[in-house]
Structures are given as C-alpha cells and as structure tokens.
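Since the structure of chain A is provided, determine the placement of chain B on it from the hints.
Sequences listed follow chains A and B, in order.
All residue numbers in the first sequence are consecutive under our numbering, ending with 446.
All residue numbers in the second sequence are consecutive under our numbering, ending with 490.
Just so you know, not all the hints are guaranteed correct.
Think about it this way: if two alpha-carbon atoms lie no more than 16 Å apart in a straight line, the pair counts; the simulated EDC-like pairs of lysine to aspartate or glutamate are [said to hold, decoys possible]:
hint	chain 1	residue 1	chain 2	residue 2
1	A	Lys434	B	Asp27
2	A	Lys322	B	Asp170
3	A	Lys431	A	Glu67
4	B	Lys88	A	Glu50
5	B	Lys480	A	Glu48
6	A	Lys322	B	Asp186
7	B	Lys480	A	Glu284
8	B	Lys88	A	Glu421
9	B	Lys202	B	Glu231
10	B	Lys480	A	Glu50
11	A	Lys37	B	Glu127
Hints listed in this document are in silico derivations from the structure and should not be mistaken for laboratory results.
The chain contents come next:
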Amino acid sequence: MPYVFNTDDEQAEMLAAIGAASIEELFECIPQDMQLKRALNIPAGLGEMELTAHLQALSVQNKSINEQTCFLGGGSYDHFVPAVVDALASRGEFYTSYTPYQPEVSQGNLQVMFEYQTLICQLTGMDVSNASLYDGGTAAAEAMLMAMSVTRRNKKVVVASSVHPEYRQILKTYFACIGSEMVIVDCGTGTTPVEAIAQVVDEDTAAVLIQNPNFFGNVEDVTLISEIAHAQGALLVCSVDPISLGILQRPGDAGVDIVVAEGQSLGTPLLYGGPYLGIMACRESFVRRLPGRIAGETVDRDDKQCWVLTLQTREQHIRREKATSNICTNQGLFALRAAIYLSLMGPQGMQDVANLCTQKAHYAAEQLTQHDRFELAFSDGFFKEFVVRDTQNDVQQLLQQACENNILAGLPLGQWYDELEDCLLITITEKRTKQEIDELVNVLTQ
Amino acid sequence: MRNTQATNLIFELSQPGRSGVCLAASDVPKQDPAEWFPAGALATSAPPLPEISEPDVVRHFTNLSTLNMSVDTHYYPLGSCTMKYNPKRNERIAAFDGLAQIHPYQPAETVQGMLQILYGLQDMLAEISGLPVVSLQPAAGAHGELAALMLAAAYYRERGEKRTTVLAPDSAHGTNPASARMAGFDFVTIPSCSDGRVDIEKLKEHLNDQTAVFMITNPSTLGLFDDQVQEISDLVHDVGGLIYLDGANMNAILGITRPGDFGADMMHFNPHKTFSGPHGGGGPGAGPICVTAELGAYLPKPIVGFDDSSQTYFLDNDRPKSIGRVRSFFGNVGVLVRAYSYILSHGPVGLKRIAENAVLNANYLLSQVKGFLDVPLGNRCMHEFVASAESIGKQNGLNQPAMDIAKRLLDYGYHPPTVYFPLTVHEAMMMEPTETESKQTLDAFAKTLKAIVQESPEVLAAAPHSTIISRPDEVQAARKPILKWTPKQD
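Bound conformation, chain A alone (with noise of 0.2 Å):
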C-alpha cells in the first residue's frame, strides 16, 4: 500500500485532534445500511516490481508499431515525435500541475497556453483558437453547436460523407439530443459534389462541415463550398490535418469560419486512440461563442505582462446552464505538447513534413497501381491518404497476408462505405522510407 505515509501513531494523534474514537467514527455519516460490509471483489494490491511485470507482459502481448511498419491512418497517425517533445512535456511542473486557477503560480501554464493559441492561429490562418477540447471528433460536434449558436439557426446542418465516419457518428449522438436535421451529402466521387451541396444549403442551415484533405486524403474545393454556404448565411466548419497546412492553402484563406482538427499528429503518440488534443480555431467575431478555455493578455498591479484565463462568462462554472458548452479543463497537456512540437518545426520542418508525406504517399500510390491488381479508387489529388481498390476484392485476405509479414497495410473502408468494400485506406507519413513501401507493394502483390 504505498501511497499513505502517516504512521499508526500519527493517526492516533490525528483521531484524538480530531476527537474521533476511531476512522470507522469518522464514516458513521453513512448509514450503516448502505455501507459494504466485505472487500471489494478486485485483485490484491502489487508491489511495483510485480505491477511493473504485470504490464509489461500485458504490454508486449501487443504488436507496436516499432514491430510493424504502420500505413494506417484515418485520423490518428504515425509521425515522427522528437525527443524534445517528450522531454520538455514530462517535466512534473507541468504534468502535475493543473487548471491555472492562480495565475501568479501558473504563468508557465498560461502562457504556455497563449504561445498555443497563436501558434495554432499562424498555422490555420484563423483569428483566435481557444486551448484545447478533447479530440478532432468532439470538436467538430462542439463547432456545429457553435455555428447554430451563431447563426441561430437550430434546425439544419449539412455535412459531407468525406468527412471521418467516427466524427460524423458523433454527430450523429449529439444530434439525436436536439432534435435537428443533419443532412449527409454524398461523395461516392472522392470529394464533396459543390452542386450537392449547393442543392440543400438554404436558409434554415447553420453550417456546412466538411474535411480537408477529406477522410479519403483528397483535398476539396474548400473555397468554392465556403463561397455556398455564405450565399445562404450558413457557415463553413472545416476539419483540417494540421500537418497539411506545411504545403496547402490555410483554412482561414480560403473562407471557412471555424476551424478544426485532431492535433494528435503534432507530437503525440498513437496511444491506441488517445488522449488526443481537440484544436478549434474561429473568426474573431465568434469568440464569445467559442467552447472551452482560452488564455488571453493582461497586466498586473505593476503594469507588468502576464497572462490569465480569460473571457470566462462563457464557461460552465460562471454560466451554468447558459454557458456555451458543458466543457472545462480538458487537453492541456496535449496543447504543450503541440506548441513545442511547433516551436520546433517552424515553418520550413511544417513545409518539409508535409512535402514529404505527399511525395512518399504518391510514389506509394504509383507503384502500388503499377500492377493490374489495384487501381485508385478516385482521382482527385489527395494529400498523404489514398483510396486504393482491389480489382480481386479481398480486402481481408490482403490484411491478413500483409499482417503476417508485419506490415499495417491499410485500413478498410467497406465497414463504412458499402461503396468501398474492395478498397483500402493507405496511409504515409515522412516516417514510411521507400525500401517500406516497395516492401508494402511487393506483399501485396505477391
């Protein structure tokens, strides 16, 4: 039991300050009926070398992706993570700290925060982004909440099929709460059909979401669909992989109003799923609309510049039930590890990152289709992500063959297209060399 320091006779001293016979007196505020009377039913306590054991042979029961090489993607990815990221992020100043309630004591924090911020602001293009939600699915619903907040409109939102089917199905859950329509447009061609979309914006929608480069990797016509949605008052939510903003066209460029993203992939492990960071990113004139916490500059009593929480009266604990969402402290650690992971790349390692996904991910696609078995699914331009069809359809066996010779080939999209039953979601990072992908091509052709 290695978390309780007081001795048996400090405990004694402590009951008689206290004027308790006993600690059990100390519970009698529970009725006796309601307390459990036995162990709780879970295994005995470890010591740390047999806790330690005891994970890692779970642990290596596992396949990392240090024992396979990993082309899987669909919104969590395999970049590189520099060591300083780690480094600086495990400080314990940091990670055992918390929500900067006093900032005289939490300048590191907050302006750790404010650094985020604008960081995220110069890579988006967008005004002002708040300091974290929980992941790139959540932030999504949370922007569409806002849009309707913004726009007050509650009846309608649309939505793209392109966009991450998990970020859509969460929606989905949101949704059913309030009673609006979502209204999904197809994109069986790759990439959202402009007209489509053009056909069911009207004056009842909030907002339009889309993904660029989209869940199939392809890159959309963003400022075209921002250009339709304004025409009828709507808003442009726009979920972006934030490694793309190295080469392509700023979101906050191109029209759109709020911005989001899954952060995971600026410096952060895969960590089966999570913790991720949320980023949201807004025009100014949002921002007493936008969910979350956010850090903003001031002086203090000297005049000297430091930094707070800020713009507070939107938030739950002041607010309650009229706040802008139920959200408080939620990805800090993860926005750290995003602004040193910015810090450090800086423009020309965001350039050089993103350059070299997309001329890996299209040597990848080149070859791959060099052989009569695969063809592309779609012919758009896509970014680090291609679709890639099985012209034998057995996406399964494919998987399998590629499993056995430790390879992560793709992930298959039939469990969310009936369209794309025979294709496969092929991911490449700068991590992917080529002798990796001629490896990749060569088992799955064999």
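Then chain B, alone, in the frame of chain A:
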C-alpha cells in the same frame, strides 16, 4: 534564478532561417506537387510560425515550467480536484511501447494485452461503483455526464416517455446544468438546506412525470455525505426518474459504500482525480460511466467484450440500442491505463485505505483550522471541507478575504484551496488535502494559515508579494481580449 530572456514569448525568440529540426531528404523521386492539386489548393508560402533552434526551445519551455506550482513541487489542496501524488511508476508503464505505440485501428488480435487491460478496468469500475455495465469512452467527467444524460434521453425515447427536466442541487458543479442543456433538457436548481443536504421538501415540489434525472454529487461539493440519498433516489424513482451520481468525490468512499448500493442508476468516475492520473497542467482526464444492467444497452459503443469460445477480447460494436459514439476511437486510453495500474497497486485493502486516509486527513486539517477560520457546515467532513473567510473579512475590512488569504498562501509556497466554490458558502475556501499528504505537511499548512489570518489587512490585500506577478487585471483581459501574439508594428 529565473532566466527572463528564455521566457520571452517564443515568437520574440524567433530568428529568420533558424530551425529546431532537420529532416532527411526524400528517398523517393521528387515530383512537383502543383501537378497533383487543383489551382489554389497549395499555400503560396509556409505558415508563419516562429523559427527557433532546438536548445532555445528546450530552454524556453523548461524555464516556463518552473513558473508553475505543481503536485511534484508543492502542497496543492485544491478542493474538488483531488490533487494527490501521481505515481511515477504509472508514467513508465503508460509509456511502454506496447501500450503507447499502438494504432487504434490495429486488428484486435494484435492488441489483446491492451483490450485485457481495458476489459479489466471495466470490471473493476463496475465492482467499485456497484453499477455493472461500463463505458470507458467519455473523455472527461463533464463528457461522461453528457453521455449519461444522452443515454437517459434515449432510454425515455424508447419507452415513449417525454421527460424534459434535469434537476441538481445548488451546490452542484457547473458542468451538471451545462451538460443537461447540451443533452436537450431543461434544468432546475434544487436548494440545499443550511446543513448542506438537499432540501427534500423543495425537491418533492419539483418532482413529476416530467422529471428525467436528478444529478447528485455525493459526497457533495461541501464535503458532506448526504445520508438522505436513499430517500432521494426512492422519491425520484417513484416518479419514474433516474439518479445520476457525479463521481467527482469518489476518493472519499472507495470500498466504503457504492453508488449502485445507494440508489444511483448512472455515474461517472474522474480517474485523473480518484485514480491519480496526472492533471497535465489542465488535462487530460477521462470520464468512464457505469450504469445499471437495464441502462447498459444504451451506453456509447464500442465497449470491450470477451468471447468465451475463442478466449479473446474484442471491441463490441454490435449494440443496437447504443446512443452511438461520443468520442473518436476508444477514448482517453492513456489515462485509463494509469487508472488500471493505480487500482492494481492498491487492491481492495489499499483502495479502502485511500478513502480512510483522505477522510482522516481532511478531518484533521479541519480540526486544526476551525479555531481561527469558520467552518459553517460542522466539525466533521468527508475528503474535503469548506471554510468561510467571511467573518475575517468583516473583522479586517477586506472585501474579498478568501481571495486575499489565497494570494497570501502563495507567498508561503502553498497552492491555495479552491475559492468561491461552492456558491452556497460565502467567501468559500474548499480544502482537499488528499490521502497522500503527511501530518507534517498538514500541520505546517495549518500553522501558516493561522499566521496569515492574523496578518494586517494591508499585507493581505497586497499579496502575493513574492511571485513573479501579482493580481493580474482580469477585467481588462476580458474587456479587451488579447488572445494571441501579433508582431509589433514599427
């Protein structure tokens, strides 16, 4: 000694042409990206990020970290946040390759160890809560509340009942009403009695066939166990409503009593509090929810299942009544792994000792401060208690004495308690020592607090005196928001 140069804003440290990374050249034949993308899709220049060398990045963030108080460096009795020691062993374990370097879409047969951990955690949380069906998906306590209220809505929809109202006491966390609104409910606040318990008569007035859920935090945010909880749950159940337990304060009752045994139908855990996940300077948390067998079918999916015939674990998506997803992938797995590790470190005996010592420490601290600080809700508490600085303010002519005392504590190297919450106590100071603090720490803290309340009003009002900044102007920050750095105009 503080390095003020290194803690300039990172943007002010930027030098054109510098970089913190040097990536290898591409090993595939280079092509022109302009050929792949439609006109306008490519940026005309790289994003205008700062340009910093690796050593400067390290020095910048290392120096920034030293401007924080943290559990590793300071006593941090921030009420309601359970700032206990975060075991280093859990950090090493969570960083194992097999736990940190696995992709959420890997086939189940390649992640059996991880699924076994998550399945084991589901089982242990079910046993600790007394509520048998568990979803680990919600990303935070507030998110768990929201998911559970969505679940309640789905449950009523299926039963053809139109129930519109969620109720919670006035001492509830702000997330309760905010979650209720997001889940599409109206919200009604139920007042507390002067002894901190729910006002049952007022509750009865609001219970009817519109009642969907009563949300209760027990032990409450006042640090008291509401012994009427069974009666309350009977009343709510009698009108067909459900009881939600906000599990923020589970640290006080681990192994002593279980929400499922005192009438709760749904609850969330805050593993970052109760099971010691590091608070991360503001997250991550997680918000697993546990519910009755009847409500289990509605939980978010997937949950982890075990197939007896093949003796393997799997992600169970075949749950037709599920409300669906509330988060992408599986949830905040890294936090859940630490919780699993923490619970296994303790076992049944250890978990109960956590509760016993959290309550012992809080009562001891209460006994040491009640001589000089009012504790309006009595001489006993659970894991935390709420003192009031109101009378000290009156004696000294201070307008916000809780704030002044909090700021003065900073000068003595203590993180202050939570102040001005709960809203039902004037000049509230909510102290939660946790079980991982020693008697010596509590004695020293109480002694300091006693000295502070005897200091002159001038000293208190001017505090803190020794921190790098003092009393930032929050009004100005909100009135003219500056939310990002912009280059200075020459």
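Here is how each hint holds up against the structure:
Of the supplied pair hints, the one linking Lys434/A and Asp27/B holds, its CA atoms being roughly 6 Å apart against a limit of 16 Å. For the given pair, Lys322/A sits about 15 Å from Asp170/B by alpha-carbon distance, which is consistent with the 16 Å threshold. Restraint check for Lys431/A and Glu67/A: satisfied, since their Cα atoms lie roughly 14 Å apart, inside the 16 Å limit. The straight-line distance between the Cα atoms of Lys88/B and Glu50/A is roughly 15 Å, inside the 16 Å bound, and the hint therefore holds.
Annotation: proposed proximity of Lys480/B to Glu48/A is violated, straight-line Cα distance about 51 Å (limit 16 Å). Taking the CA atoms of Lys322/A and Asp186/B, the gap is near 11 Å; set against the 16 Å cutoff, the hint holds. Of the supplied pair hints, the one linking Lys480/B and Glu284/A holds, its CA atoms being roughly 12 Å apart against a limit of 16 Å. This hinted pair does not check out: Lys88/B and Glu421/A have alpha carbons roughly 45 Å apart, beyond 16 Å.
Between Lys202/B and Glu231/B the CA atoms are separated by roughly 14 Å; this keeps the pair inside 16 Å, and the hint holds. At most 16 Å may separate the alpha-carbon atoms for a hinted pair to count; Lys480/B and Glu50/A exceed this at roughly 55 Å. Restraint check for Lys37/A and Glu127/B: satisfied, since their Cα atoms lie roughly 14 Å apart, inside the 16 Å limit.
Hint compliance for this structure: hints 5, 8 and 10 are not met, and every other hint is.
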